[in-house]
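Trainee: Full structure from sequences and hints, please.
Quick note on numbering: the working numbering labels position 94 of the sequence shown as 94, and the sequence is numbered without any gaps.
Honestly, I wouldn't trust all of these hints.
Calculated lysine-lysine pairs in the DSSO-like style (CA-CA distance at most 27 Å, straight line) [said to hold, decoys possible]:
(1) K44 to K131
(2) K216 to K232
(3) K171 to K232
(4) K186 to K216
(5) K22 to K5
(6) K146 to K8
(7) K10 to K31
Hints were generated in silico from the structure; no laboratory data involved.
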Amino acid sequence: MELIKKIKNKKELIGLPDFLVKEKLENYLGKNKIKLPLKEKDEKIVIKEVRSKLREYVGRFRVKFSSKKRMEFLEKEKISELLRTHSSTKERLDSESYLILKKIIAKMKPKSILDLACGLNPIALAQKNIKYYASDINMEDLNIVKLYFKKKKITGKVYVSDLTKEKNFPKTDLCLILKTLDILEKGNYKFAENLIKNIPCKDMIISFSTRTLSGKPMNRPERTWFERILEKINYKYDKTKTFNEIFYIIKK
1 MELIKKIKNK KELIGLPDFL VKEKLENYLG KNKIKLPLKE KDEKIVIKEV RSKLREYVGR
61 FRVKFSSKKR MEFLEKEKIS ELLRTHSSTK ERLDSESYLI LKKIIAKMKP KSILDLACGL
121 NPIALAQKNI KYYASDINME DLNIVKLYFK KKKITGKVYV SDLTKEKNFP KTDLCLILKT
181 LDILEKGNYK FAENLIKNIP CKDMIISFST RTLSGKPMNR PERTWFERIL EKINYKYDKT
241 KTFNEIFYII KK
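Mentor: Right under this line is the structure:
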(Lines of atoms letter the chains of each structure in order from A and count residues from 1; the text may use other names and numbers.)
(Lines give C-alpha, C1' and ligand atoms only; values in the text may rest on other atoms or scores of the structure.)
Protein backbone atom coordinates (compact mmCIF):
# COMPACT_ATOMS: atom_id res chain seq x y z
CA MET A 1 0.00 0.00 0.00
CA GLU A 2 1.38 3.41 -1.03
CA LEU A 3 0.21 5.03 2.21
CA ILE A 4 2.29 2.59 4.28
CA LYS A 5 5.39 3.55 2.26
CA LYS A 6 4.71 7.22 2.90
CA ILE A 7 4.28 6.66 6.64
CA LYS A 8 7.56 4.73 6.83
CA ASN A 9 9.45 7.39 4.87
CA LYS A 10 11.35 8.54 7.97
CA LYS A 11 14.81 7.34 9.01
CA GLU A 12 13.64 6.18 12.44
CA LEU A 13 10.59 4.30 11.08
CA ILE A 14 11.92 2.66 7.93
CA GLY A 15 12.94 -0.51 9.77
CA LEU A 16 9.48 -1.19 11.19
CA PRO A 17 7.58 -4.09 9.56
CA ASP A 18 4.69 -3.32 7.22
CA PHE A 19 2.27 -5.40 9.31
CA LEU A 20 2.78 -3.11 12.30
CA VAL A 21 2.35 0.06 10.23
CA LYS A 22 -0.76 -1.40 8.59
CA GLU A 23 -2.24 -2.30 11.98
CA LYS A 24 -1.68 1.19 13.44
CA LEU A 25 -3.03 2.80 10.26
CA GLU A 26 -6.19 0.68 10.26
CA ASN A 27 -6.71 1.30 13.99
CA TYR A 28 -6.45 5.06 13.47
CA LEU A 29 -8.77 5.07 10.45
CA GLY A 30 -11.34 2.90 12.23
CA LYS A 31 -11.24 4.87 15.49
CA ASN A 32 -11.73 8.15 13.66
CA LYS A 33 -14.20 6.72 11.11
CA ILE A 34 -12.03 7.75 8.16
CA LYS A 35 -12.46 6.04 4.81
CA LEU A 36 -10.00 5.63 1.96
CA PRO A 37 -9.04 7.17 -0.42
CA LEU A 38 -7.92 10.28 1.45
CA LYS A 39 -7.78 13.86 0.30
CA GLU A 40 -4.28 15.35 0.30
CA LYS A 41 -4.95 17.45 3.42
CA ASP A 42 -6.42 14.48 5.33
CA GLU A 43 -3.58 12.22 4.21
CA LYS A 44 -0.99 14.53 5.77
CA ILE A 45 -2.87 14.46 9.09
CA VAL A 46 -3.22 10.66 9.03
CA ILE A 47 0.48 10.19 8.22
CA LYS A 48 1.49 12.51 11.05
CA GLU A 49 -0.77 10.81 13.62
CA VAL A 50 0.19 7.25 12.67
CA ARG A 51 3.89 8.15 12.74
CA SER A 52 3.37 9.50 16.25
CA LYS A 53 1.97 6.13 17.35
CA LEU A 54 4.79 4.23 15.66
CA ARG A 55 7.45 6.33 17.36
CA GLU A 56 6.34 4.78 20.64
CA TYR A 57 7.94 1.57 19.34
CA VAL A 58 11.29 3.12 18.51
CA GLY A 59 11.10 5.32 21.62
CA ARG A 60 14.34 6.95 22.68
CA PHE A 61 16.45 4.47 20.71
CA ARG A 62 16.27 6.16 17.33
CA VAL A 63 19.01 5.64 14.80
CA LYS A 64 20.82 8.74 13.56
CA PHE A 65 22.80 6.98 10.84
CA SER A 66 21.75 5.76 7.42
CA SER A 67 21.36 2.05 6.77
CA LYS A 68 24.22 2.28 4.26
CA LYS A 69 26.57 3.77 6.86
CA ARG A 70 25.70 1.12 9.42
CA MET A 71 26.37 -1.65 6.89
CA GLU A 72 29.69 -0.03 6.09
CA PHE A 73 30.68 -0.16 9.78
CA LEU A 74 29.74 -3.86 9.87
CA GLU A 75 31.64 -4.75 6.69
CA LYS A 76 34.76 -2.96 7.94
CA GLU A 77 34.31 -4.55 11.40
CA LYS A 78 34.11 -1.16 13.08
CA ILE A 79 32.02 -2.68 15.85
CA SER A 80 32.30 0.16 18.34
CA GLU A 81 31.16 2.67 15.70
CA LEU A 82 28.31 0.35 14.70
CA LEU A 83 27.08 0.01 18.30
CA ARG A 84 27.12 3.79 18.64
CA THR A 85 24.52 4.11 15.86
CA HIS A 86 21.88 2.91 18.35
CA SER A 87 21.42 5.19 21.34
CA SER A 88 20.77 2.38 23.83
CA THR A 89 23.95 0.49 22.95
CA LYS A 90 25.86 3.78 22.76
CA GLU A 91 24.84 4.54 26.36
CA ARG A 92 26.12 1.16 27.52
CA LEU A 93 29.42 1.67 25.71
CA ASP A 94 29.85 5.09 27.30
CA SER A 95 29.27 3.69 30.79
CA GLU A 96 30.32 0.48 32.51
CA SER A 97 26.97 -1.19 31.75
CA TYR A 98 28.20 -3.69 29.15
CA LEU A 99 31.16 -4.74 31.30
CA ILE A 100 28.87 -5.38 34.27
CA LEU A 101 26.26 -7.10 32.10
CA LYS A 102 28.86 -9.42 30.58
CA LYS A 103 30.16 -10.36 34.04
CA ILE A 104 26.63 -11.12 35.27
CA ILE A 105 25.92 -13.30 32.22
CA ALA A 106 29.27 -15.11 32.56
CA LYS A 107 28.46 -16.02 36.18
CA MET A 108 25.07 -17.41 35.12
CA LYS A 109 26.71 -19.67 32.50
CA PRO A 110 23.77 -19.86 30.08
CA LYS A 111 23.90 -22.16 27.07
CA SER A 112 21.13 -20.20 25.36
CA ILE A 113 19.89 -16.59 25.49
CA LEU A 114 16.67 -14.94 24.34
CA ASP A 115 17.15 -11.19 23.82
CA LEU A 116 13.79 -9.41 23.46
CA ALA A 117 13.61 -5.92 21.92
CA CYS A 118 17.29 -6.56 21.33
CA GLY A 119 18.32 -3.63 19.15
CA LEU A 120 22.04 -4.14 18.53
CA ASN A 121 22.72 -5.77 21.92
CA PRO A 122 23.54 -9.17 20.38
CA ILE A 123 26.53 -7.63 18.61
CA ALA A 124 27.97 -6.70 22.01
CA LEU A 125 26.89 -9.81 23.91
CA ALA A 126 26.66 -12.87 21.63
CA GLN A 127 29.33 -15.57 21.86
CA LYS A 128 30.05 -18.65 19.76
CA ASN A 129 29.40 -21.09 22.63
CA ILE A 130 25.93 -19.66 23.43
CA LYS A 131 22.86 -20.10 21.23
CA TYR A 132 21.40 -16.62 20.81
CA TYR A 133 17.80 -15.74 19.88
CA ALA A 134 17.53 -12.08 18.86
CA SER A 135 14.06 -10.55 18.61
CA ASP A 136 12.94 -7.02 17.81
CA ILE A 137 10.24 -5.05 16.02
CA ASN A 138 12.86 -3.20 13.94
CA MET A 139 13.84 -5.20 10.85
CA GLU A 140 16.79 -2.96 10.01
CA ASP A 141 18.46 -3.71 13.36
CA LEU A 142 17.69 -7.41 12.97
CA ASN A 143 19.22 -7.54 9.48
CA ILE A 144 22.44 -6.11 10.88
CA VAL A 145 22.42 -8.62 13.75
CA LYS A 146 21.75 -11.47 11.32
CA LEU A 147 24.70 -10.48 9.13
CA TYR A 148 26.90 -10.14 12.21
CA PHE A 149 25.95 -13.65 13.38
CA LYS A 150 26.81 -15.04 9.95
CA LYS A 151 30.09 -13.14 9.83
CA LYS A 152 31.16 -14.32 13.30
CA LYS A 153 29.68 -17.84 12.93
CA ILE A 154 27.42 -17.41 15.95
CA THR A 155 24.67 -19.99 16.41
CA GLY A 156 21.39 -18.17 16.69
CA LYS A 157 18.09 -17.09 15.26
CA VAL A 158 16.82 -13.63 14.41
CA TYR A 159 13.09 -12.92 14.20
CA VAL A 160 10.61 -10.03 14.14
CA SER A 161 8.34 -9.86 17.17
CA ASP A 162 5.80 -7.45 18.63
CA LEU A 163 6.07 -8.01 22.38
CA THR A 164 2.62 -6.59 23.00
CA LYS A 165 1.21 -9.61 21.12
CA GLU A 166 3.88 -12.33 21.26
CA LYS A 167 2.77 -15.49 23.09
CA ASN A 168 5.21 -18.18 21.99
CA PHE A 169 8.81 -17.68 23.00
CA PRO A 170 11.74 -20.07 22.48
CA LYS A 171 12.84 -21.93 25.60
CA THR A 172 16.22 -20.69 26.82
CA ASP A 173 18.40 -20.56 29.93
CA LEU A 174 18.41 -16.76 30.08
CA CYS A 175 16.11 -14.00 28.83
CA LEU A 176 17.17 -10.36 28.46
CA ILE A 177 14.67 -7.49 28.39
CA LEU A 178 16.74 -4.32 28.54
CA LYS A 179 15.23 -0.84 28.90
CA THR A 180 11.97 -1.96 27.32
CA LEU A 181 9.37 -2.82 29.96
CA ASP A 182 8.77 0.83 30.91
CA ILE A 183 7.91 1.62 27.29
CA LEU A 184 5.60 -1.37 26.88
CA GLU A 185 3.66 -1.55 30.13
CA LYS A 186 2.60 2.13 30.42
CA GLY A 187 0.97 1.58 33.79
CA ASN A 188 -0.46 -1.82 32.77
CA TYR A 189 1.39 -3.85 35.38
CA LYS A 190 -0.58 -6.98 34.54
CA PHE A 191 0.96 -6.92 31.06
CA ALA A 192 4.46 -6.93 32.57
CA GLU A 193 3.54 -9.73 34.97
CA ASN A 194 2.03 -11.92 32.25
CA LEU A 195 4.97 -11.31 29.93
CA ILE A 196 7.67 -12.42 32.37
CA LYS A 197 5.59 -15.40 33.54
CA ASN A 198 4.99 -16.50 29.94
CA ILE A 199 8.66 -16.61 28.91
CA PRO A 200 10.05 -20.17 29.34
CA CYS A 201 13.49 -19.47 30.78
CA LYS A 202 15.42 -20.26 33.97
CA ASP A 203 16.75 -16.77 34.60
CA MET A 204 16.05 -13.22 33.46
CA ILE A 205 17.89 -9.92 33.36
CA ILE A 206 15.49 -7.00 33.08
CA SER A 207 16.76 -3.44 33.11
CA PHE A 208 15.38 0.07 33.37
CA SER A 209 16.87 3.49 32.79
CA THR A 210 18.00 5.42 35.86
CA ARG A 211 17.79 8.71 33.97
CA THR A 212 14.92 10.83 32.72
CA LEU A 213 14.46 11.60 29.01
CA SER A 214 16.30 14.89 29.62
CA GLY A 215 19.27 12.93 31.00
CA LYS A 216 18.86 13.88 34.66
CA PRO A 217 19.26 11.19 37.35
CA MET A 218 15.99 9.82 38.70
CA ASN A 219 15.36 10.39 42.40
CA ARG A 220 14.09 6.82 42.72
CA PRO A 221 15.53 4.65 39.94
CA GLU A 222 14.23 1.41 41.48
CA ARG A 223 10.92 0.25 40.04
CA THR A 224 8.90 -0.56 43.15
CA TRP A 225 5.94 -1.64 41.01
CA PHE A 226 8.18 -4.21 39.32
CA GLU A 227 9.62 -5.43 42.61
CA ARG A 228 6.09 -5.95 43.92
CA ILE A 229 5.30 -8.08 40.86
CA LEU A 230 8.41 -10.24 41.44
CA GLU A 231 7.51 -10.70 45.10
CA LYS A 232 3.90 -11.53 44.21
CA ILE A 233 4.88 -14.31 41.79
CA ASN A 234 7.68 -15.46 44.11
CA TYR A 235 10.65 -14.82 41.82
CA LYS A 236 13.91 -14.24 43.67
CA TYR A 237 15.97 -11.30 42.46
CA ASP A 238 19.07 -9.20 43.00
CA LYS A 239 19.73 -5.79 41.52
CA THR A 240 22.72 -3.76 40.51
CA LYS A 241 23.03 -0.19 39.24
CA THR A 242 25.30 1.56 36.78
CA PHE A 243 25.54 5.21 35.79
CA ASN A 244 22.39 5.07 33.67
CA GLU A 245 20.77 1.67 34.16
CA ILE A 246 19.43 -0.61 36.89
CA PHE A 247 19.53 -4.37 36.31
CA TYR A 248 17.21 -6.88 37.97
CA ILE A 249 18.78 -10.35 37.99
CA ILE A 250 15.87 -12.76 38.39
CA LYS A 251 15.69 -16.45 39.26
CA LYS A 252 12.42 -18.06 38.13
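Trainee: Confirm or reject each hint.
Mentor: A quick look at each hint next to the structure:
1. K44 to K131: violated (45 Å)
2. K216 to K232: violated (31 Å)
3. K171 to K232: holds (23 Å)
4. K186 to K216: holds (21 Å)
5. K22 to K5: Holds. K22 to K5 sits at ~10 Å (cutoff 27 Å).
6. K146 to K8: Roughly 22 Å between the alpha carbons, so the hint for K146 and K8 holds.
7. K10 to K31: Holds - the C-alpha atoms of K31 and K10 are around 24 Å apart, at most 27 Å.
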